[in-house]
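S.K.: In the order they appear, the protein sequences are chains A and B.
Throughout the first sequence, residue numbering follows this note's numbering, covering 1 to 271 in sequence.
Throughout the second sequence, residue numbering follows this note's numbering, covering 1001 to 1271 in sequence.
Hints may be right or wrong, so weigh each one.
[To be verified] Below 25 angstroms or equal to it, Euclidean Cα-Cα: the simulated DSS-like pairs (lysine-lysine) are:
| no. | chain 1 | residue 1 | chain 2 | residue 2 |
| --- | --- | --- | --- | --- |
| 1 | A | Lys201 | A | Lys267 |
| 2 | B | Lys1227 | B | Lys1212 |
| 3 | A | Lys201 | A | Lys191 |
| 4 | A | Lys63 | B | Lys1146 |
| 5 | B | Lys1063 | A | Lys196 |
| 6 | B | Lys1157 | A | Lys146 |
| 7 | B | Lys1184 | B | Lys1155 |
| 8 | A | Lys123 | A | Lys227 |
| 9 | A | Lys146 | B | Lys1018 |
| 10 | B | Lys1123 | B | Lys1196 |
| 11 | B | Lys1184 | B | Lys1205 |
| 12 | B | Lys1123 | B | Lys1267 |
| 13 | A | Lys267 | A | Lys123 |
| 14 | A | Lys18 | B | Lys1191 |
| 15 | B | Lys1196 | B | Lys1267 |
| 16 | A | Lys201 | A | Lys40 |
| 17 | B | Lys1227 | A | Lys191 |
| 18 | B | Lys1196 | B | Lys1040 |
| 19 | B | Lys1201 | B | Lys1212 |
| 20 | B | Lys1212 | B | Lys1263 |
| 21 | A | Lys146 | B | Lys1063 |
| 22 | B | Lys1184 | A | Lys79 |
| 23 | A | Lys263 | A | Lys212 |
| 24 | A | Lys63 | A | Lys18 |
| 25 | A | Lys263 | A | Lys184 |
| 26 | B | Lys1018 | B | Lys1063 |
| 27 | B | Lys1196 | B | Lys1263 |
| 28 | A | Lys146 | B | Lys1146 |
| 29 | B | Lys1155 | B | Lys1212 |
| 30 | A | Lys155 | A | Lys201 |
| 31 | B | Lys1263 | B | Lys1155 |
| 32 | B | Lys1267 | B | Lys1205 |
| 33 | B | Lys1018 | A | Lys63 |
| 34 | B | Lys1196 | B | Lys1227 |
| 35 | B | Lys1123 | A | Lys18 |
| 36 | A | Lys18 | B | Lys1184 |
| 37 | A | Lys267 | A | Lys196 |
| 38 | B | Lys1018 | A | Lys18 |
| 39 | A | Lys146 | B | Lys1191 |
Derived from the structure by calculation, the hints contain no laboratory data.
Number of protein chains: 2
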Amino acid sequence: MYVLLNNSIIAEEEATLKISDLAIQRGYGIFDFLKTVGGKPIFLEDHLDRFYSSAEQMRLPVKLSRTELTELLYMLIEKNQLAESGVRITLTGGYSPDGFNIAAASNIIVTQQDFVINRDFEKSIGLMTYDYQRQFASAKTLDYLKAIWLQPVLKEKGEDDILYHDNGVLRECPRANFFLINEKDEILTSKSNILKGVTRKHILKFSNQNFKIDERELTMDDLRHAKEAFISSTTKNILPVTRVDGRVLGDGTPGPVTRALMKQFDKYVYG
Amino acid sequence: MYVLLNNSIIAEEEATLKISDLAIQRGYGIFDFLKTVGGKPIFLEDHLDRFYSSAEQMRLPVKLSRTELTELLYMLIEKNQLAESGVRITLTGGYSPDGFNIAAASNIIVTQQDFVINRDFEKSIGLMTYDYQRQFASAKTLDYLKAIWLQPVLKEKGEDDILYHDNGVLRECPRANFFLINEKDEILTSKSNILKGVTRKHILKFSNQNFKIDERELTMDDLRHAKEAFISSTTKNILPVTRVDGRVLGDGTPGPVTRALMKQFDKYVYG
């Protein structure tokens, strides 16, 4: 596989960073992640919007202009020849002379991996709730300390993913947004202090043709009364949630609203 | 300069990590930092205690036993031949196959740099308070997002360092512990949800011969009534604080209790 390191496309095995990079020294950096389908990037402009926004929020300079980055992304995709894949664009604090302040030049790394999304409509997952608010919620930073640290706890509880809440106000999963369907068949999703996903944005856009959909603060009480729930992300599309903290939602299978949305979204992305 | 990368001592220019390392992918890792004086490591056992404790708290395996690491540290110090220096031991999540879960083998990096501590007893600094609670407070993780992000704000305010408080309860500086001296000439330092510094530990130990010293929760009110204040760290020893949020403490110069402690600590470390 080839990767992009700053403005060179090189073999992945050769792609390294010197240990003075601020990601290695202080965990400082941001990234974005998009997919390709049929060799074409999906929602590229949304991902680039968010990438440059995360960089700006975290005060990281980007050496490549949007046009240059786009061109290099297409060159990389062309070179790697993967039909379905995940593309990750990482931006670090660069080689910091004092190991603390952001370097004048950040490092940009683009990797691509073979990645076929599970489009099995019967699959569903269980969530474990956890009281935690992500730092710099609206930027996609490298900070996944809590999520990685919680993996053994998650396995022990027998759940598949984590649902963060801030003192009872529902937020998001570490790598996905959260939606629920209430007793009136309205689709609701958390409004603030979250990373607004690209998949989430498109669900909000297309689903309001057939459903009442709203962004607002969601509470544990909303969760208790939910008929259905799902999470959304670039790597998961729409994935039904049928269990939270061991409690079964509805009849324990993906509900009708979720199924309808999944079909719509599948068509929207895969045609 | 030479560095240690896992179990090899190599030239610093050659020390790199592959981009799949979990520090680069997810900011996941821990470190510790100690100093050498006259070519000898200071408080080495305390730093190794904390290094292995941080690793355990963050579920990171360490390939090197304490004996092996100690031996390699001495070899590195011998090879670099620096009289006064800073030694940083970093442990990352390793080359993670899925870019998310901790690898079976972590990466360990030890770097050394020329570093002479300012022992000018007249120097003092100003602090800016900021509402923030470090994640995983008792582990020295790589997470310095907030501190790095705040550097331009600090410059704008004309202060030198940040004092974190959690909703009014004083905690610590990003890289130092905080102490104040109250109206009864008692030395007080924050007790919980902080990284307990090695310098802090030794100040607590030696200063109770001459002063009443106590760890407890400190509030903004304690700060308002403080006669003196200082911060402590491996790179700063004891550094007087004479200004907080623009307000001058005492007469704006290092106070008598702080001066007495500085002299005692200097003797304690440098003989």
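S.K.: Hint by hint, say whether it matches the structure.
M.R.: Each hint tested on the structure:
1. Lys201/A / Lys267/A: The hint holds at about 16 angstroms.
2. Lys1227/B / Lys1212/B: Distance ~15 angstroms between Lys1227/B and Lys1212/B Cα, so the pair holds.
3. Lys201/A / Lys191/A: It holds: about 12 angstroms lies between the C-alpha atoms, which stays within 25 angstroms.
4. Lys63/A / Lys1146/B: At roughly 23 angstroms apart (the allowed maximum being 25 angstroms), Lys1146/B and Lys63/A satisfy the hint.
5. Lys1063/B / Lys196/A: Between Lys1063/B and Lys196/A the Cα gap is close to 39 angstroms, so the pair fails against 25 angstroms, i.e. violated.
6. Lys1157/B / Lys146/A: violated, 32 angstroms
7. Lys1184/B / Lys1155/B: Violated, because 34 angstroms separates the two Cα atoms, which is more than 25 angstroms.
8. Lys123/A / Lys227/A: Holds, because 17 angstroms separates the two Cα atoms, which is no more than 25 angstroms.
9. Lys146/A / Lys1018/B: Satisfied, since the Cα-Cα distance of roughly 23 angstroms is no more than 25 angstroms.
10. Lys1123/B / Lys1196/B: holds, 24 angstroms
11. Lys1184/B / Lys1205/B: OK: Lys1184/B and Lys1205/B at ~20 angstroms, within 25 angstroms.
12. Lys1123/B / Lys1267/B: Holds, because 18 angstroms separates the two Cα atoms, which is no more than 25 angstroms.
13. Lys267/A / Lys123/A: holds, 18 angstroms
14. Lys18/A / Lys1191/B: Cα-Cα ~37 angstroms, so violated.
15. Lys1196/B / Lys1267/B: holds, 22 angstroms
16. Lys201/A / Lys40/A: holds, 20 angstroms
17. Lys1227/B / Lys191/A: violated, 46 angstroms
18. Lys1196/B / Lys1040/B: holds, 23 angstroms
19. Lys1201/B / Lys1212/B: Given pair Lys1201/B, Lys1212/B holds - Cα atoms ~15 angstroms apart, limit 25 angstroms.
20. Lys1212/B / Lys1263/B: holds, 17 angstroms
21. Lys146/A / Lys1063/B: holds, 23 angstroms
22. Lys1184/B / Lys79/A: Distance ~72 angstroms between Lys1184/B and Lys79/A Cα, so the pair is violated.
23. Lys263/A / Lys212/A: holds, 17 angstroms
24. Lys63/A / Lys18/A: Satisfied, since the Cα-Cα distance of roughly 18 angstroms is no more than 25 angstroms.
25. Lys263/A / Lys184/A: holds, 21 angstroms
26. Lys1018/B / Lys1063/B: Holds, at about 18 angstroms.
27. Lys1196/B / Lys1263/B: Given pair Lys1196/B, Lys1263/B holds - Cα atoms ~22 angstroms apart, limit 25 angstroms.
28. Lys146/A / Lys1146/B: At roughly 16 angstroms apart (the allowed maximum being 25 angstroms), Lys1146/B and Lys146/A satisfy the hint.
29. Lys1155/B / Lys1212/B: violated, 35 angstroms
30. Lys155/A / Lys201/A: Answer violated: Lys155/A to Lys201/A is near 30 angstroms, above 25 angstroms.
31. Lys1263/B / Lys1155/B: violated, 30 angstroms
32. Lys1267/B / Lys1205/B: Measuring from Cα to Cα gives roughly 14 angstroms; hence the hint holds.
33. Lys1018/B / Lys63/A: holds, 21 angstroms
34. Lys1196/B / Lys1227/B: Answer holds: Lys1196/B to Lys1227/B is near 23 angstroms, not above 25 angstroms.
35. Lys1123/B / Lys18/A: violated, 35 angstroms
36. Lys18/A / Lys1184/B: The given pair, whose Cα atoms are some 51 angstroms apart, is violated under the 25 angstroms limit.
37. Lys267/A / Lys196/A: Cα-Cα ~22 angstroms, so holds.
38. Lys1018/B / Lys18/A: Roughly 9 angstroms between the alpha carbons, so the hint for Lys1018/B and Lys18/A holds.
39. Lys146/A / Lys1191/B: holds, 23 angstroms
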